[in-house]
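K.L.:
Residues per chain, in single letters:
Number of protein chains: 2
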Amino acid sequence: MAKRLFVLTLALVIGTVFLVGMGRDRVDEAAGGRTLIRNASMVLTMDPALGTVENADVLIDGDRITAVGPGVDASRAKVIDGRGKIVMPGFVDVHTHLWQSLIRGCATDKELNGWLGGCVLPLQGSPVNGADAYAGTRLSTLDAISTGVTTVTDWSHAFNADFARGNLQALVDSKQRFVFAFMAGTDPWIAPEVRRVQKDVIAPNPLAHLMIGTHPANWNVANVEASEKLSRELGVPLNVHLLESKADPATDQMGVLRRAGALRPGLLANHLVHVTDAELDELAAHDVRVAHNPLSNMRLASGVARVPEMKARNMKVGLGLDGGTNDTSDMFNDMRAAVGLQRAQSTDPARYPTPADVLRMATLGGAEALGLDKEIGSLTPGKKADLQVIDTQALNFAPKVDWASQLVFNTQPVNVQWVFVNGVALKKDGKVTGDNGRVIADAQAAADRVRKYLGR
Amino acid sequence: MAKRLFVLTLALVIGTVFLVGMGRDRVDEAAGGRTLIRNASMVLTMDPALGTVENADVLIDGDRITAVGPGVDASRAKVIDGRGKIVMPGFVDVHTHLWQSLIRGCATDKELNGWLGGCVLPLQGSPVNGADAYAGTRLSTLDAISTGVTTVTDWSHAFNADFARGNLQALVDSKQRFVFAFMAGTDPWIAPEVRRVQKDVIAPNPLAHLMIGTHPANWNVANVEASEKLSRELGVPLNVHLLESKADPATDQMGVLRRAGALRPGLLANHLVHVTDAELDELAAHDVRVAHNPLSNMRLASGVARVPEMKARNMKVGLGLDGGTNDTSDMFNDMRAAVGLQRAQSTDPARYPTPADVLRMATLGGAEALGLDKEIGSLTPGKKADLQVIDTQALNFAPKVDWASQLVFNTQPVNVQWVFVNGVALKKDGKVTGDNGRVIADAQAAADRVRKYLGR
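In the order they appear, the protein sequences are chains S and Z.
If you're matching positions, the first sequence starts at 28 in this note's numbering and goes up one per residue.
If you're matching positions, the second sequence starts at 28 in this note's numbering and goes up one per residue.
Please note that a few of the clues may not be correct.
The list treats identical chains as interchangeable, and a pair is accepted whether it falls inside one copy or across any two copies.
Unchecked claim - Here are the simulated DSS-like cross-link-like pairs (lysine-lysine), alpha carbons at most 30 Å apart as the crow flies:
#1 427 - 479
#2 427 - 455
#3 427 - 105
#4 427 - 137
#5 338 - 401
#6 105 - 401
#7 338 - 273
#8 458 - 427
#9 137 - 455
These are computed hints drawn from the structure, not numbers from a lab.
Start from the sequences, fold in the hints, and give me the full structure.
P.N.:
Right, here's the structure in full:
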């Protein structure tokens, strides 16, 4: 009897060890390791010189991509089986507001200004704090990783210094590459805090970049001028919402930017829906970059952005999910909306952007818009290892017909199996790493507080 | 040594049994059982008399919903924990072509007629067969189940009798509720085959319904007349593509239907994009039903369907995914496209449909369009148990702010945890039941054959 019990116990122990072993990560979390994605069925490099390669390996060494091609030496590397999988650059989201997962589903019956008035602006001067910002941003970063986003551009409302710190800490903790666009202005706390952030948080972190956010409008001139001044002082771009809603042209946004001297290379202009040809000419002449957010434009009844006209002027355009204003965090959906919205409006299937165009817009195009294309945006050996591995053997994706088109029209975030940022795996075998249950609970508690501040 | 080997073997056996046990279904697959979804955080019944209920139970007994409310007696029922979950009716997809998963991603640079010419019409007269149709349809049905679709309306090109049989068999095997729209015409094999199908396949199957598909156009009058005649003989509705592309009005679609006597209650008209006010008046006066397919209209550059104008005439409108012409099989995406496309075009957030309107359109509205609203479309005790359970505690959905809006703007198919059709669970705890690997392999083989027939 004792022996039988011993055998049973041993069996259970071995069974358990077997189970645990099955779930063990075979790829190191820390950078510095070597990971080989072997025999990927397709590698969409987005590098014009390399193109799209079939049955190839991708080697990650430390924080960089070091080789793309067949028969790469895998010694000392952890190996991911790439058969049936597509490897492509991680998405570069050029415009979002990550704290806004706390107001998902808020005022879905309103256009931009109604939504802002109901769900965002009342937080100015409210007790909303760093813990709230942290909770919302943490949830959003995990969600962004899940859909293959490796770089986020987080336009932070920075309602107060504590909020901005919580927001920023969550970005740091996400291990994603990020641009933090700090909403500046004339409030005395802001400029010293932004300088401190640049020195203490951004400069030492190879994943971090800074921009200055502001809102050009004839009722906000002093803040725009202070922001532009700070942007020049720190040598970082300005980041603005421009001609998004049909109500925006009446606030002389272009005039305010022009008089502040802000129309210059690197300025990131979000939306550009209600923009004239002459205004586009002027923006293009100054190498102003654009964040296109089609899902947000649909949700907020903003209209159809003039993306073909931007292309005609060779403007640098990236894609954004735009936080709570489109709610859904599906970059594949954002790509197909970018294609489909233009097509439905024009009834012209050749209208820009095509599926190939949006794949570029969501990766290398976004990196160009942010001025980071030397570092990210394509699977070019030497660039940072920001990439995603997509499983094609799924009910919503198979069979193989034209995979590049299927990436745009068929893919869902659940198909993203691996996401690497700077060589570190943040999604592994379909699971985003992190204590997701706790992040969700914290976000709920913060959303409940925010709801009170909004008086909803 | 022998004893050690014995212990190891026993351990592995027990470990394996443990693994298998973990995956064991706790809810019976066969109809006839009782399943209680207990303490669902929200039950969106779509029944105007019941509304939306919080913290309620939903009881499935056999093939029907028998109770919705708090404290339902659960004796003898398998129990699903509904905390943190939303229960709502399964989606009613009122227009699709399920075989077209075989041409996913095909000719994504073309509008409707270019796509048809490249990816569909060459199959007429080709060796495409029942095995091909079965493989594509089987993949699509599993995929539709994954996104919460419980009823599909499958407009089958029925390229030949064998193709139609394979297509139909896959629908039967899916255990979904379905409407098979059999493309008819003057070919001598068709009418006898459709009569046989109605008698042998549709009539004995409580999940099955029949329609007659045809294409109204001035080059196709004889086929339309034969189809209308068969539709009247069998007492089933006609199902047509109507004014989808800007090239369609030139083919006198309305005149052909009018002269054939086909403008009558129950006719299902798919798309209605390039339709005039007078034509809408005429269609509404005859109680013609509409399938709205916004994702397809975007993909194929068809335009923006005149849905608000249909609503103004009290027409019955449902939502469709439209097979390979929109590729993606995400009904949540289809709902938000239905909202966002109208909003982007009009810049009016109040424009029909609102988020609440599309939830109805995707469920009860679709059932009305198909004439099945006595049986399905809402969680009304006595109706068939076609429903889905959605997990809200996900990175892309949490926190709770306004769940009804979040269903439209935040949800992804991966959040659908359970799908029941006629009381039978077809998606269980996030997994679609079936040999998905084999289905995918069979679809790939069929897609490879079809590609040859298309000369691509």
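K.L.:
Treating 30 Å as the Cα threshold, decide for residue 458 and residue 427: within, between, both or neither.
P.N.:
both (24 Å within a copy, 22 Å between copies)
K.L.:
When Cα atoms must be at most 30 Å apart, do residue 137 and residue 455 count as within-copy, between-copy, both, or neither?
P.N.:
Neither, since 38 Å and 37 Å both go past 30 Å.
K.L.:
Indicate which option fits the pair residue 338, residue 273 if close means a Cα-Cα distance not exceeding 30 Å: within, between, both or neither.
P.N.:
Result: close both inside a copy and across copies, 22 Å intra and 26 Å inter.
K.L.:
Could you place residue 427 and residue 105 in one of the four classes (within, between, both, neither) given a Cα distance threshold of 30 Å?
P.N.:
within (28 Å within a copy, 40 Å between copies)
K.L.:
Indicate which option fits the pair residue 105, residue 401 if close means a Cα-Cα distance not exceeding 30 Å: within, between, both or neither.
P.N.:
Within one copy, since 27 Å is at most 30 Å while 58 Å is not.
K.L.:
Give the relationship of residue 427 and residue 479 under a CA distance limit of 30 Å: within one copy only, between copies only, both, or neither.
P.N.:
between (50 Å within a copy, 14 Å between copies)
K.L.:
Which holds for residue 427 with residue 137 at a C-alpha limit of 30 Å: within a copy, between copies, both or neither?
P.N.:
Cα proximity of residue 427 and residue 137: across copies only (19 Å, versus 41 Å in one copy).
K.L.:
I want to check one pair: residue 427 and residue 455. Are their C-alpha atoms no more than 30 Å apart within a copy, between two copies, both, or neither?
P.N.:
both (24 Å within a copy, 27 Å between copies)
K.L.:
Quick one: residue 338 to residue 401, C-alpha cut-off 30 Å, is that within a copy, between copies, both, or neither?
P.N.:
within (21 Å within a copy, 52 Å between copies)
In this structure, only the earlier hint numbered 9 is contradicted, and the remaining ones agree with it.
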